[in-house]
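Peer 1: Now for the letters of each chain:
Protein chains: 2
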Amino acid sequence: MSNETGHVKALVFDVFGTVVDWRTSISREISAVGTRLGVDGDWNAFADRWRAGYHDGMQAFRDGDREWMTADQMYRERLDILLAEYGITGLSEPGTDYLNRAWHRLDPWPDAVEGLTLLKSKFIIGTLSNGNIGLLVNMAKYGGLPWDCVFAGELADSYKPDPKVYLMAANLLNLEPREVMMIAAHNGDLLAARDAGLSTAFVARPAEYGTGGRAPDLEAAAGIDVGAASFVDLARKLGVDG
Amino acid sequence: MSNETGHVKALVFDVFGTVVDWRTSISREISAVGTRLGVDGDWNAFADRWRAGYHDGMQAFRDGDREWMTADQMYRERLDILLAEYGITGLSEPGTDYLNRAWHRLDPWPDAVEGLTLLKSKFIIGTLSNGNIGLLVNMAKYGGLPWDCVFAGELADSYKPDPKVYLMAANLLNLEPREVMMIAAHNGDLLAARDAGLSTAFVARPAEYGTGGRAPDLEAAAGIDVGAASFVDLARKLGVDG
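If you're matching them up, the sequences are chains A and B in order. Under the working numbering, residues 1 to 242 are what the first sequence spells out, in order. Under the working numbering, residues 243 to 484 are what the second sequence spells out, in order.
One should not assume that every hint holds.
Example chain A residues on the side facing chain B (calculated, C-beta under 7 Å, incomplete) [what the hints assert, rightly or not]:
| # | residue |
| --- | --- |
| 1 | L82 |
| 2 | L83 |
| 3 | Y86 |
| 4 | I124 |
| 5 | G134 |
| 6 | D148 |
| 7 | V150 |
| 8 | L167 |
| 9 | M168 |
| 10 | N174 |
No lab work stands behind these hints, which were simulated from the structure alone. Predicted model, so just to flag it, every value in this text is computed and none were measured. C-beta atoms are modelled at their ideal positions from N, C-alpha and C, and glycine is treated no differently.
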């Protein structure tokens, strides 16, 4: 481990895009629904627009235009719009709810479980997501993610990058902010965590948005403590014997 | 599984006394400190009185006489009193802090890890303790407790048996109260959980208070859904194939 990270005791992870590959998983689920109901569509575009509903919902909260909502609620609102637009009318209410919970069934990136298991041997590992707690707990059981604790913006009635979300994680663990390292594939998240006093590590997820989607961050921004190519690489860089 | 518990999706556990044997662990740690510093004492009595500081602190909050405090803070306050009373004056501040964190290093009852692992195969399993989150996370790593999530009164700025603590767990998991089962060795905790709408299971821990201490609850009170002799027995009674 480098001298700069020797004080780190807990790692908290962004989840969507950093731990799990939401786009492939969501496209697969909605594509299966389309096939079953005889509807054609660009399912990657559906996934991207569904995901955008979550970002739009959080932004509306930040702008003061909406109350705090769970990810489940934001996804459901956008799903109803997209289903109508794509002409998918054959789903029952339980079927629609099940589809909405596709966000609870996202596949981990191939290195995620191995890397988290290595990191867990030396550090407290937890989520720090804008997804709601119930979603994150179900996702962990689905994907075998070995969290020690599940933290989310929900516990602070806010969303990242609000500094109080990052500081809440340190406070709940009775640690100094610098003893907690935020891990994400998104520099915006990391720079906000750094500004709140946390340690930071970037893990590259160049395939998050597929081809032709939004451009991923390919490397750590200036001021991020550690850059890694995977969670296994991160474990090595944080001094875990693999 | 009986018909009465088929709707249960998550199990939340009282921790001190139900999952871990606090009295044996604490007596051992304080006894070792006494031996090292050449002080004699009744270390079981020390443990009981230290534990009572936690109950007294929570009661003072319920009575409106104090602000909400973490278990760490309540234990530390009583520890300072007991160390003076027992004439233990040789501890440094780091040494005292380390001793106070003995509550993070409590041994699980012999059936706990096996039983939790069985139960985890079918249910979400989490804590619902009046201990603080940091303490519970450290204890889980110390004892190998395989929680899916760590919930505590801290997340509601209150303590059990305040109904809002029980309802918070259901709310965070997006479940109906009856879909969450509270597990405890203490009927008072279970009856309060039942009154809040949760399902309930009693697990007997007849050795919690040792011999001559407070009398343990030996069986489930009327109105508790399930009674079990251990976590492994509970798994069997909830339909988990062992």
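Peer 1: Answer holds if the nearest beta-carbon of chain B is closer than 7 Å to that of M168/A; otherwise answer violated.
Peer 2: Constraint on M168/A not satisfied, violated at 10 Å.
Peer 1: A closest beta-carbon separation below 7 Å is what the hint needs, so does N174/A meet it against chain B?
Peer 2: With a minimum Cβ separation of about 4 Å from chain B (threshold 7 Å), the hint on N174/A holds.
Peer 1: Was the hint right that V150/A lines chain B, CB cutoff 7 Å?
Peer 2: Hint on V150/A: holds, closest Cβ of chain B at ~5 Å, below 7 Å.
Peer 1: Can you verify the interface hint for G134/A: is its Cβ closer than 7 Å to any Cβ in chain B?
Peer 2: holds, 4 Å
Peer 1: Let me know if the C-beta of Y86/A comes in closer than 7 Å to any C-beta of chain B, holds or violated.
Peer 2: violated, 26 Å
Peer 1: Hint check: is the beta carbon of L82/A less than 7 Å from a beta carbon of chain B?
Peer 2: violated, 22 Å
Peer 1: Would the hint on L167/A stand, with a C-beta cut-off of 7 Å toward chain B?
Peer 2: violated, 14 Å
Peer 1: Per the CB criterion, is D148/A less than 7 Å away from chain B?
Peer 2: holds, 5 Å
Peer 1: Checking hints one by one. Is L83/A an interface residue toward chain B, by the C-beta closer than 7 Å rule?
Peer 2: With Cβ-Cβ at 21 Å, over 7 Å, it is violated.
Peer 1: Would the hint on I124/A be counted as holding, given a Cβ-Cβ threshold of 7 Å to chain B?
Peer 2: Result: holds, 6 Å to nearest chain B Cβ.
When held up to the earlier numbered hints, the structure conflicts with 1, 2, 3, 8, 9 and fits the remainder.
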